[in-house]
Amino acid sequence: MNEKVILFTAGLAFIITVVLSPIFIPFLRRLKFGQSIREEGPKSHQKKSGTPTMGGLMILLSLSITTFVMSDLFFERTAQTYLLLFVTISYGLLGFVDDFIKVVMKRNLGLTSKQKLAGQLLIALIFYFFFQHYSISTVVSIPGTNASIDLGAAYILLIIFMLVGGSNAVNLTDGLDGLLAGTAAIAFGAYAVLAWNQGQYDIAIFSVAVVGAVLGFLVFNAHPAKVFMGDTGSLALGGAIVTVAILTKLEILLVIIGGVFVIETLSVIIQVISFKTTGKRVFRMSPLHHHYELIGWSEWRVVVTFWTVGLLFAILGIYIEVWV
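Residue numbering for the sequence shown follows full-length UniProt numbering, starting at 1 and increasing by one per position.
Do not take every clue at face value.
[Unchecked claim] Label pairs and their calculated CB-CB ranges: (1) M105 - I315: 41 to 49 angstroms; (2) L73 - K276: 47 to 55 angstroms; (3) D72 - S148: 34 to 42 angstroms; (4) G199 - V104: 43 to 51 angstroms; (5) G11 - V304: 19 to 27 angstroms; (6) G199 - K276: 47 to 55 angstroms; (7) V139 - A222: 37 to 45 angstroms; (8) L151 - K226: 39 to 47 angstroms; (9) L73 - A222: 24 to 32 angstroms; (10) R281 - T145: 34 to 42 angstroms; (11) Y82 - L151: 19 to 27 angstroms; (12) V19 - R77: 19 to 27 angstroms.
Rather than coming from a laboratory, the hints here were simulated on the basis of the structure. Computed from a prediction, not measured in an experiment: that's the story for all the values here. Even glycine gets a Cβ: it sits at the ideal position worked out from N, Cα and C.
Using the sequences provided together with the hints, build the complete structure.
See the structure below:
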């Protein structure tokens, strides 16, 4: 495995997405798969109503094709490759059902919270079943230290917490044009470096395929967006980044590398707790990216700022794992 393979993987995924997009976007528009904008959201977002959504299908198709092609060409496909694709596609299908209900059945909130949680839990449990079958370590290491703990059977609780929490956290971040695509590319890029450093080339190839796919999608998703990924893309990316963290045994490091996702989620939790206990809001609106919009920042400024923060978190995560 060398740099040329990594670059070719990213390039292939990027090209597939860029080629697919001009075909998919008009198709989604003809099917009237347009995004409905929540009335309680920022008023400036109402003009985005009708923008084609479910663009995550392009990301899923691109990263899947690229992963299979590259694994056939450069290494023997492993169980980890199938686990990564299983979780990613499964969460993508769950998101697709949610999007379909929103845009076709005209229910703006899509699946109920209980229905979505049930789907997320089921996928997490199936993943754990195969996780046990392949005897993957249940030891969790503390980043930056030599300390570790073997959770044993309790590891299932960590898997459930990470997959459900992580997919929701990434989903919350998908609120502005290009925001999630950029932050996801950065986070997966960091894990690609770490997986490659570990010699886990199958995971590195998958991660780089995701980077190429979302950057290709970003060409059409950057402000002003011509297409949104929808829950089809955001839930898939959330499940994927968590699975990469689990299989590289860098679970806790995800809190750092995925720092933007964590901050976005905390902003929602803080807002809800504050409003329910005091009747006051800490932020003008949550998730946090909307707060900055409402205090006067342009959408592009918010997105670039969050990308920069995400990049700093990714560099910190790599530094802690490789050099500390």
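Holds or violated: 47 to 55 angstroms for the Cβ distance of G199 and K276? At 48 angstroms between Cβs, range holds.
Please test the hint of 41 to 49 angstroms on the beta carbon pair from M105 and I315. 43 angstroms, holds
Range agreement (Cβ of A222 with Cβ of V139, hint 37 to 45 angstroms): 41 angstroms, holds
Is 24 to 32 angstroms a correct range for the gap between the Cβ atoms of L73 and A222? Holds, since L73 and A222 (Cβ atoms, about 31 angstroms apart) stay within the stated range.
Range agreement (Cβ of S148 with Cβ of D72, hint 34 to 42 angstroms): 35 angstroms, holds
19 to 27 angstroms as the expected CB spacing between V304 and G11, which holds or is violated: About 24 angstroms separates the Cβ atoms of G11 and V304, which means 19 to 27 angstroms holds.
Cβ-Cβ distance between L73 and K276: within 47 to 55 angstroms? Holds, since L73 and K276 (Cβ atoms, about 54 angstroms apart) stay within the stated range.
Using the beta carbons of Y82 and L151, state whether their distance is inside 19 to 27 angstroms or not. Given a distance of about 23 angstroms, which is inside 19 to 27 angstroms, the answer is holds.
That 19 to 27 angstroms hint for V19 and R77 (C-beta), does it hold up? 24 angstroms, holds
Given the range 34 to 42 angstroms, decide if the beta-carbon distance of R281 to T145 lies inside it. 38 angstroms, holds
G199 and V104, beta-carbon distance inside 43 to 51 angstroms? Given a distance of about 45 angstroms, which is inside 43 to 51 angstroms, the answer is holds.
Does the hinted range 39 to 47 angstroms hold for L151 and K226 at CB? 44 angstroms, holds
Hint compliance for this structure: no hint is broken.
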